[in-house]
Structures are given as C-alpha cells and as structure tokens.
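**Student:** Listed below, chain by chain, are the residues.
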Amino acid sequence: MALYEYSWLILLAPLFAFAVIVFGTRFWDLLSRPRVAAATTHAEVHAVAEHGAGGETHAEHESDVELIETTGPHGEKIILENDEDPKVPQLTPGARWSGYLGVIIIALACLYSWLILLASAGALPGVPPLPPGGINLSAISYTWLQQSTASYVIDFRLNNLAIAMMVVVTTISLLVQFYSQGYMENSAGYARFFAYLSLFAFSMLMIVFAANFLVIFIGWELVGLSSYLLIGFWINKKAKPAEDRLSPASASIEAFIANRVGDVGFLIGIMILFVNTGTFNFADLAGPASNPFSVAHNFANNQALLTIAMILVFCGAIGKSAQIPLQVWLPPAMEGPTPVSALIHAATMVAAGVYMVAVTFPLFATAGPAAFGVVAWIGGITALFAATIGLVQRDFKRVLAFSTISQLGYMFVGLGVAGPLYGPGPGMFHLFTHAFFKALLFLGAGSVLYALHHAMHREVQDMRLMGGLAKYMPITAITWLIATLSISGFPFFAGFYSKDTIISLAFNQGDYALWAITLLTAGFTAFYMLRAYILAFGGKGGGFGGLWGGTYRGTGEPHESPITITLPLILLAIASIVAGYWTGFFSYIQPGAPNLDIPMILNDAVATPVGALSVILALAGFVWAYILYTRFELASIDAFVQSHAVLRALHRIVLNKFYVDEFYDLLIRYVVLGISHIEQAFDTYVVDGLVNGTARLVVTLGRDLRYIETGRVQTYMVGIFGGIVVLIIFVFVLVNFVK
Amino acid sequence: MGLTLNHFLVLGALLFCIGLYGALAKRNAIAVLMGIEIMLNAVNITMVGFSFFNQVRPYSTFLTGQIFAIFIITVAAAEAAVALAMIIAIYRRRSTVDVGEIDMMKW
Chain U
351 MALYEYSWLI LLAPLFAFAV IVFGTRFWDL LSRPRVAAAT THAEVHAVAE HGAGGETHAE
411 HESDVELIET TGPHGEKIIL ENDEDPKVPQ LTPGARWSGY LGVIIIALAC LYSWLILLAS
471 AGALPGVPPL PPGGINLSAI SYTWLQQSTA SYVIDFRLNN LAIAMMVVVT TISLLVQFYS
531 QGYMENSAGY ARFFAYLSLF AFSMLMIVFA ANFLVIFIGW ELVGLSSYLL IGFWINKKAK
591 PAEDRLSPAS ASIEAFIANR VGDVGFLIGI MILFVNTGTF NFADLAGPAS NPFSVAHNFA
651 NNQALLTIAM ILVFCGAIGK SAQIPLQVWL PPAMEGPTPV SALIHAATMV AAGVYMVAVT
711 FPLFATAGPA AFGVVAWIGG ITALFAATIG LVQRDFKRVL AFSTISQLGY MFVGLGVAGP
771 LYGPGPGMFH LFTHAFFKAL LFLGAGSVLY ALHHAMHREV QDMRLMGGLA KYMPITAITW
831 LIATLSISGF PFFAGFYSKD TIISLAFNQG DYALWAITLL TAGFTAFYML RAYILAFGGK
891 GGGFGGLWGG TYRGTGEPHE SPITITLPLI LLAIASIVAG YWTGFFSYIQ PGAPNLDIPM
951 ILNDAVATPV GALSVILALA GFVWAYILYT RFELASIDAF VQSHAVLRAL HRIVLNKFYV
1011 DEFYDLLIRY VVLGISHIEQ AFDTYVVDGL VNGTARLVVT LGRDLRYIET GRVQTYMVGI
1071 FGGIVVLIIF VFVLVNFVK
Chain G
-12 MGLTLNHFLV LGALLFCIGL YGALAKRNAI AVLMGIEIML NAVNITMVGF SFFNQVRPYS
48 TFLTGQIFAI FIITVAAAEA AVALAMIIAI YRRRSTVDVG EIDMMKW
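Residue numbers (our numbering), protein chains in the order written: chain U, 351 to 1089; chain G, -12 to 94.
So here's chain U without its partners, still in its complex pose:
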C-alpha cells in the first residue's frame, strides 16, 4: 500500500520543478559564468556579464517582429521574419539545466505513475490493487478553514479513475517536455517555458488528485492560468490578419476569458451543491441516501435543483473542454507553441472537463437523465459542428484544433449515454486513447512546422504551402499516418475501439439521433484527417497512389526533425495503437462494467449492419478524401468550389466557422458594450450626480451664506440676543401651550 500512499510525490514533483526552475536558473547562470581575466577591457566584461545574467529574458522583445529582406541563392528576394534572429541568445547553462530538470522530474513522476497504474490493474505481483473507493492521501490533506457548520478541506485522494488520468498527464507531459528540448531551442525564454510546463503539470495533477470540489476548482483555475501563460508564451508575436490569426497575447486573453465564462457556472453549481449538502467531498456527495451529506439525501425532494446544479457544473466543463457555445477559444489558442498545443489543447487541459464530469458521474446519475441529456447533446452537437468546420480549414494546426473539439464532443457523448453499467468508462477510454493520438498529431504537426521553418525561414502553417513532405520527413509522416488512422476509427487502431464503443453505446441506449450524429462525425473526421495528411505529406504524383510524397508547394528543402522531436512521435505512435487493447479499462474505472470485447467488436464491424456502418462511413471519408486530394491539385479543387455559387457560399460559411466568432463579436460589441454604456451612463449621471450634487450644494450654500458674516460686532450681538428671545418665546410656548 505504501506504493499508493506516496503517490502525492507525483503531485508535488512538478511544483518542485517549477520552484527550482524559477529560482535556480539565474543561480546556475551565475555559477557557470565565465571567469573574466583581469586583462580584459571594461566593455568586454560588461558584455559577458550581461549575456550571462540577463540571457534568459533577453531579446524577447526582438523576436518575430520585423521583417528582414535578403536575397536567396538564385538571386530572388526573400522576406525573412527574424524569429531566427541572431540576437536571440544561445541557451544559457541555466536555461539548459532548467530544461533537463523539468524533464527528469516529470520522468520520475511518469515512471511512478505507470508503476501505480500497473499495480492497481493487478499486473504488479506483490502489490494489491486499490480498494474500490480509492484511498485518501492524508499526508498532504489538511483543513484549510473550519467553521461551525462547514469545513473547507484541502483533500486529495487516489482511485482508479485518477490513476488513468494521472498516467495520461504525466506521460504526455514527459513526452512534450522532452520534445520541447529540441523544439524550443531557438526560442527566447526557454527556462520560463519549462517553468510554465511544470506549473501546468502540477495544476493538472491537482485536478486529478482532487477529492472535493474545492481542490478541483483551485486546480481548475491554476490550469486556466498556466494555459494563459503558455498560449501567450511568444508574447511579442504579432497578429497575422491575412491568415486570420490572432497574436498569442490576444489568443491567451480570449482563452482565459472564455474559460471564466464557463467557470462562473461551475462555481455557482458548486455553491448550490455546497449550500444544500454542506460538503464538497465527492465521496460524500455521491454516497447513498443514508449519508446525510449525499446529494441523494439532500436533494430527494428537489430533483430539479440538482439537475440545474449539475448542468451548471457542466458549464465549467463546457468552458474548459471548448464545447459549444464556448468553443471559440481553442482554435486561436493554437498560436501558442506547438508542444503547448499538444499538451494543453489536445491531451490534458481540455480533457479536464471530461475528467471532471467523469469524477462527478454519480452526481449526474443522481440528477437523472436530463443532466446526462445535456451532456450528451452538447457533446454531440459540438462533435458534428467542429468536424464540419474542420473539413475546410487550411491551417495545419487549426484542423487539429477543430478535431480536438470534435473528439471532446465524442467524449461527452460517451459520458452522457454510458448509463449506470459502464459509468464514466467509455468517455474516459476515448480520453485515454485520444490523448495519445492527438498529442502525436500535434507533435507531428510541430515537427512539420519546425522543418518548414528551417526550410522557408518563416513560420508556415498553411497546408497550401506543404505537400509531399513524406519523402523529406518519413518518421513524422508515418507516425502522423498512424495517428490519422487512429483518430479516424480505422479498425485495429486505438481510436477505433474507443470511438466504436461510444457509437454503439449511443445506438444501444436508443439515442438514434446521437448515434447518427456520431456516425456522421466519424465520416467527417476520417475525411478531414486524411485530407490534412495528404495535403501535408502526400499529393498528386506521390508514391502509394499519392499517399507518400508528391509535389512540395513550399520553398527550400525541409529535413527530418532531430531525435528529440521524432522519439516522442515514435513512442506516441506505439501508444496510439496499443492503448486500445487495454480491454479491462471499463471495469478498471467502474467495477462490474463489462470488458472491451475486441473479437466481438471486430465481428460486429463485419457481421452486423450497425457495426459495419461506422467502419463504412470512416472508410467512405477516407476514400473521398483520397480521391479528391491525390487525384486533383489543390488549386483545381479550390477553383471548382469557387466556380459554383452554392459550394462557394457553403465553403465560405464553414471556413468562417459558421460566423460564430463574428456573432460573438457583435454580441459583445452591441449587447455587452451597450449594457456597459447604459451602466456607465447610470454611473456618470446618477451616482456621480448624487456625489457631485451634494458637493455643489455645500459649495453654493457656503458661498451664499457667508454674507451673514459681516464682521460687525453689533450684528453678532443682535444675533445672540435675538436668538435668546426666540428661545424664550419657544420655551414659553412650550410650557404654556403644549400639553
């Protein structure tokens, strides 16, 4: 049991790394500062000192701002963005050590979490699995605030659900940090980046380990903060209106604010639960009706309020997981560094919403079908909506962003339709597999961007400038293809099992509308993923009928990325296949749930029309994308779409994301700002009017009344004696006439 008891080390390790990086970088820099010989001139000493001490934060203001014009090898004029600026410093030893430290610590945490996973799954001899309810990590739990009626406890616990999520978080964090060693090499603020990554890992693990709503909310907000910091990491990068791209700074603010909108609902939901039950604790809340703290006990006569509370709690998940109507923040968040997109916007942070619903699954179950209906339908609509938008996006990372939104929708469908037998298993299973292949997709995309950046000397994300990259970077291409097949639900890959489980659950629960939506989404997913793959790596004229290589539409000569980048890709590619073969996942998450029956699923896919339909749709998407993008040039497809009025209109609507952003823009500009103007007018004229009016009254009175101050003694004397006379009369009247 000691193995489980000390799992809090995993939680605190990234925090430790964060602290050491924040305080240690400068220290290491100073330690390794070159000893300057006495003979050097003053100016040289100054330069060395500045380079050594200020290197880490230095030159951020230089990166990626101006354009440099130069001539290429054939005399053509090339415009360079200077984010390969020679002024960006070489890595200082402190920054380098910070990177190593972050990786080492998260590697230890990852190793430990895998050990715990194996032990709790019963695969480690000599260590018993966890008890079904999990264990409390009392070593780091304490009472934060004790009131007479309520106690606010910082409480952590470990159960199988948390372990599954913990493994995802630490594994993806490890791979992303390793990857960033190569990817972020040329970026200013290298040590800061690893500090943020560690902070993020800590925040995420806090959500994972949380035993009550209080802790999960703290982790929730910390995750929001660190995602804000990471999205806006390239703080001086400018917006690119031509490519419809925001600046990272605006994108980070948008992400933060969209999350706040959801968090308001989350917080209100928590408050409703707390006020009515008196506890934040998940185990108490989910307890049987005999437990005086359980929702079953406290909401027995008020089912509707519980449903409202759970829908409000789900609002938090909507914000964090970028579901409709708060999906707008995720695509702009792709402005962050690509490892960040992989870590935060694919594998972990956006999955926090799914995890939170999984943790509170018993509460949703108590709240009844309406709450689950909201979860499932929001997920389903989002899945289809985002998949539709993904069909036409040109930006490499945007496609992945929409596919993430869509897959998260799937997870919510999985949670919403699972029913009591499966519990949160199917949704979590898709989260589990999705984390690997989506991280792989993002890291692969990062590898492509890295190569293109070196080839074209500027940041390229437009797929129209890619093509045929497979022959230049085969490792990236093959791993990306694996991830594509996995996410599209191609049989034998991990995504197939998790996605098929959800689709067939929707069918078996009788939610035929949701079933149709998820099926359609699966077809769309297959289409846009293969489209993205072919546009980037294949094309007309390539090998394997266009899948491998083809015309390269960019400039320069891309090369395969270094080993720090490709090694995580290979590991994730393996995980993207084998993750689906953890057949005991459902019963691991929810005791008593049936195992994943792989032979039966494969048999269904061939034998029964319902099972075959999902495979057929995915294949149809594949075939359609394959025919379209390997047989025709991209330009001719575009020309065809543009020449038909209906297609053109459709294309424009979808390309502009159904104008949701514009709608929000109008909403904010006219409704929110309109209300603000009214409030401002109220403030200016009523509140300020009262305050200023009082002041003006006093001033006027003073100005007018001062003339009774004549300075003449006799006037004052008249006042005194007149006053006495008045008083006398007053007293006289009082005594004689007032009974």
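Derived by calculation from the structure, the hints in this document are not laboratory data. Quick caveat: nothing in here was measured; it's all calculated off a predicted structure. Note that CB positions come from ideal geometry on N, CA and C, so glycine has one too. Just so you know, not all the hints are guaranteed correct.
Some chain G residues judged to face chain U by a derived CB distance under 8 Å, without partners named [claimed, not checked]:
{"#": "1", "residue": "V(-3)"}
{"#": "2", "residue": "A10"}
{"#": "3", "residue": "M21"}
{"#": "4", "residue": "V69"}
{"#": "5", "residue": "G87"}
{"#": "6", "residue": "D90"}
{"#": "7", "residue": "M91"}
{"#": "8", "residue": "M92"}
{"#": "9", "residue": "K93"}
{"#": "10", "residue": "W94"}
From the derived model, a few chain G residues whose C-beta atoms are all more than 10 Å from chain U [as the list claims (entries may be wrong)]:
{"#": "11", "residue": "L7"}
{"#": "12", "residue": "S38"}
{"#": "13", "residue": "F49"}
{"#": "14", "residue": "I54"}
{"#": "15", "residue": "R81"}
We have chain U already, so just place chain G on it with the hints.
**Tutor:** The following block gives chain G in isolation, referenced to the frame of chain U:
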C-alpha cells in the same frame, strides 16, 4: 409701601434694556462698552434683589447674589480695562472708534 422685589426687577429690566439698546445701537465703541457695563449692573441689581428678598431657601442668608454681584463688578472692571485698551489700540491704528467701521473680520 416699602421696597419689594418687583421694584428691583423692574429697575433691572429697564437698565438692561437701556444697556442693550446702547450696546446695539451706538456707533461709538466707548458707548457700546458703557452699554455693556449697564447691562452687567442691571443683572447685578436683579441678583441682589433676588437674594435679598428670598424667603424660602435658608441658604439665602449666605448672600449668594451679593457675592455674585461683587465678582461681576470685579470682572467688569477688568473687562472695561481690557476693552478700553483695545479701543485705544484700534484708534491709534485706524483713527476711528466707530464699531460700524471695524469690520475687518467679515467674509
């Protein structure tokens, strides 16, 4: 028909009114001062009268009113000295003793 309390009170009231009139209406500062003195003495007369004719309170035999009057006379003398000194000082500076013109401390 001998002296009664009413005689004292009427005399005191008359003197007080005369003094008040002088203090309020006269322009000359010295006359105003004289008016004030008259008012003080009117009060003295009233107090001595009350003290003398008091039949009810046994401690009237301790001459409370008379002692008050003596104190008032003392204070009035001091006050008159101070006031006359001020009037002289003002006269030296401004060549007037008209209280209507001494209004430097207005708004």
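**Student:** If a hint holds in the structure, say so; if it doesn't, say that too.
**Tutor:** Structure-based check of all given hints:
1. At about 18 Å, the closest approach between the beta carbon of V(-3) of chain G and any beta carbon in chain U exceeds 8 Å, and the interface hint on this residue is violated.
2. About 6 Å separates the beta-carbon of A10 of chain G from the nearest beta-carbon of chain U, less than 8 Å, and the hint is met.
3. Below 8 Å, beta-carbon pairs count as interface contacts, and M21 of chain G has none with chain U, the closest being about 14 Å; its hint is therefore violated.
4. Taking 8 Å as the C-beta cut-off, the interface hint given for V69 of chain G is violated, the closest approach to chain U being about 15 Å.
5. Proximity of G87 of chain G to chain U holds as hinted, the smallest CB-CB distance being about 6 Å (cut-off 8 Å).
6. Satisfaction of the interface hint for D90 of chain G is found here, the shortest Cβ-Cβ separation to chain U being roughly 3 Å, below the 8 Å cut-off.
7. Interface hint at M91 of chain G: satisfied, since its Cβ lies 6 Å from the closest Cβ of chain U, which is below the 8 Å cut-off.
8. Contact between M92 of chain G and chain U, as hinted, is supported at the beta carbon level, the nearest pair being about 4 Å apart and thus within 8 Å.
9. Interface hint at K93 of chain G: satisfied, since its Cβ lies 3 Å from the closest Cβ of chain U, which is below the 8 Å cut-off.
10. At its closest, the beta carbon of W94 of chain G sits 4 Å from a beta carbon of chain U; the interface hint therefore holds under the 8 Å criterion.
11. Not every CB of chain U is more than 10 Å from the CB of L7 of chain G (nearest about 7 Å), against its label as outside the interface.
12. The beta carbon of S38 of chain G sits about 23 Å from the closest Cβ of chain U, which is more than 10 Å, so the claim that it is off the interface holds.
13. No Cβ of chain U approaches the Cβ of F49 of chain G within 10 Å, the least distance being about 29 Å, so the stated non-interface status holds.
14. Every beta carbon of chain U lies more than 10 Å from that of I54 of chain G, the smallest distance being close to 25 Å; the non-interface claim holds.
15. R81 of chain G, annotated as away from the interface, keeps every beta carbon of chain U farther than 10 Å; the closest lies near 13 Å.
Hints 1, 3, 4, 11 from the earlier list are contradicted by this structure; the remaining hints agree with it.
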